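Q: Going down the list, the protein sequences come from chains A and B.
The numbering used here puts the first sequence at residues 8 to 160.
The numbering used here puts the second sequence at residues 668 to 819.
Rather than coming from a laboratory, the hints here were simulated on the basis of the structure.
Everything numeric in this text was worked out from a predicted model, so none of it was measured.
For glycine and all other residues, C-beta sits at the position ideal for the given N, C-alpha and C.
Among the hints, erroneous ones may be present.
[As the list claims (entries may be wrong)] Here are a few chain A residues that face chain B, going by a calculated C-beta distance under 7 Å:
{"hint": "1", "residue": "F43"}
{"hint": "2", "residue": "I59"}
{"hint": "3", "residue": "W68"}
{"hint": "4", "residue": "R76"}
{"hint": "5", "residue": "G93"}
{"hint": "6", "residue": "I97"}
{"hint": "7", "residue": "W99"}
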Amino acid sequence: MTSKTWAFEDFVEGGTIDLGCKDVTAGEIVEFASEFDPQPMHLDEAAGKASILGGLSASGWHTCAIYMRLLCDSFLLDSTSQGAPGIDRIKWRKPVLAGDRLNGRATVLSRRESRSRPSIGLVAFRSELFNQHGETVFELENTVMFLKRGAAA
Amino acid sequence: MTLDEFFEIGVVTPLGSHTFDAEGIKAFARKYDPQPFHTDEEAAKKSVFGGLCASGWQTAATWMKRNLATPGKRWAGTGPAPEFGPSPGITDLKWLKPVYAGETVSFSRTALSHRAMGSRPGWHLLTVYAEGVDSTGDKVIEFNSAVLVKVA
Numbered sequence: 008m009t010s011k012t013w014a015f016e017d018f019v020e021g022g023t024i025d026l027g028c029k030d031v032t033a034g035e036i037v038e039f040a041s042e043f044d045p046q047p048m049h050l051d052e053a054a055g056k057a058s059i060l061g062g063l064s065a066s067g068w069h070t071c072a073i074y075m076r077l078l079c080d081s082f083l084l085d086s087t088s089q090g091a092p093g094i095d096r097i098k099w100r101k102p103v104l105a106g107d108r109l110n111g112r113a114t115v116l117s118r119r120e121s122r123s124r125p126s127i128g129l130v131a132f133r134s135e136l137f138n139q140h141g142e143t144v145f146e147l148e149n150t151v152m153f154l155k156r157g158a159a160a
Numbered sequence: 668m669t670l671d672e673f674f675e676i677g678v679v680t681p682l683g684s685h686t687f688d689a690e691g692i693k694a695f696a697r698k699y700d701p702q703p704f705h706t707d708e709e710a711a712k713k714s715v716f717g718g719l720c721a722s723g724w725q726t727a728a729t730w731m732k733r734n735l736a737t738p739g740k741r742w743a744g745t746g747p748a749p750e751f752g753p754s755p756g757i758t759d760l761k762w763l764k765p766v767y768a769g770e771t772v773s774f775s776r777t778a779l780s781h782r783a784m785g786s787r788p789g790w791h792l793l794t795v796y797a798e799g800v801d802s803t804g805d806k807v808i809e810f811n812s813a814v815l816v817k818v819a
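Whole structure, please, built from the sequences with the hints as guidance.
A: Next up, the structure:
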């Protein structure tokens, strides 16, 4: 038996998980973009304002990284996760701007047992991030593998 | 020059490579993806992956880094040069094989198609296939990315 809170059995179709919240600062937007996505609208307030994004805005990949950290801290690190083979789709629906407060929610779309690996179950999620205005800024759908409770060490 | 020629539709463009060293893997993971197999060599040995490996998000973001470092063709058509804007999203991202510490990944992009956007006059939506291959020739990541381009 596992000491983890979340194993495959604990995910219920239609259930939701609060991913918590994250304040996005100008400093971290620029830091991430400087390394991975050095386009003017991610590096400079004036350039961001002049772009169709309307302000200094996070790289979409930074938003993915913010989502991942929220996922880790809200339940993934306290789960029997065996990783995810990929992401079906990501939508960057609205710009994430410096000063935004994001909060997240993951919804279980479906769950099934693995046919090839009896110790594993697969859980499909839709995850969303919302800004302080209640607008959806980010959507992601993927499937994560979890050990079943009895199979986890 | 046509837009097809400018975007190099169907042409595989090499984006260079990146070596994922252990320190870089752990630094990224501590900030964004602190799962034990990305932050700790010993814990990683006992994990499903069997060794320290990069967060899939680090691999994806590094594709973007290489993509921006590799300019496309200069516009030689009539009218103003097309301007690249933000991306509305990606589909079918697959992490096909772990990227272990010390591995070097070679990235590429291939523009697949573009179309005028009914909702945004003057803008086209360009679809790009992104890929990363490790030192043994195995594909480690792939996805389809979309990007808005102002063409008039």
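Q: It remains to establish, for every hint, whether it holds in the given structure.
A: Against the structure, the hints come out as follows:
no. : hint : result
1   : F43  : holds, 4 Å
2   : I59  : holds, 6 Å
3   : W68  : holds, 4 Å
4   : R76  : holds, 5 Å
5   : G93  : holds, 4 Å
6   : I97  : holds, 5 Å
7   : W99  : holds, 6 Å
Hint violations for this structure: none, all hints satisfied.
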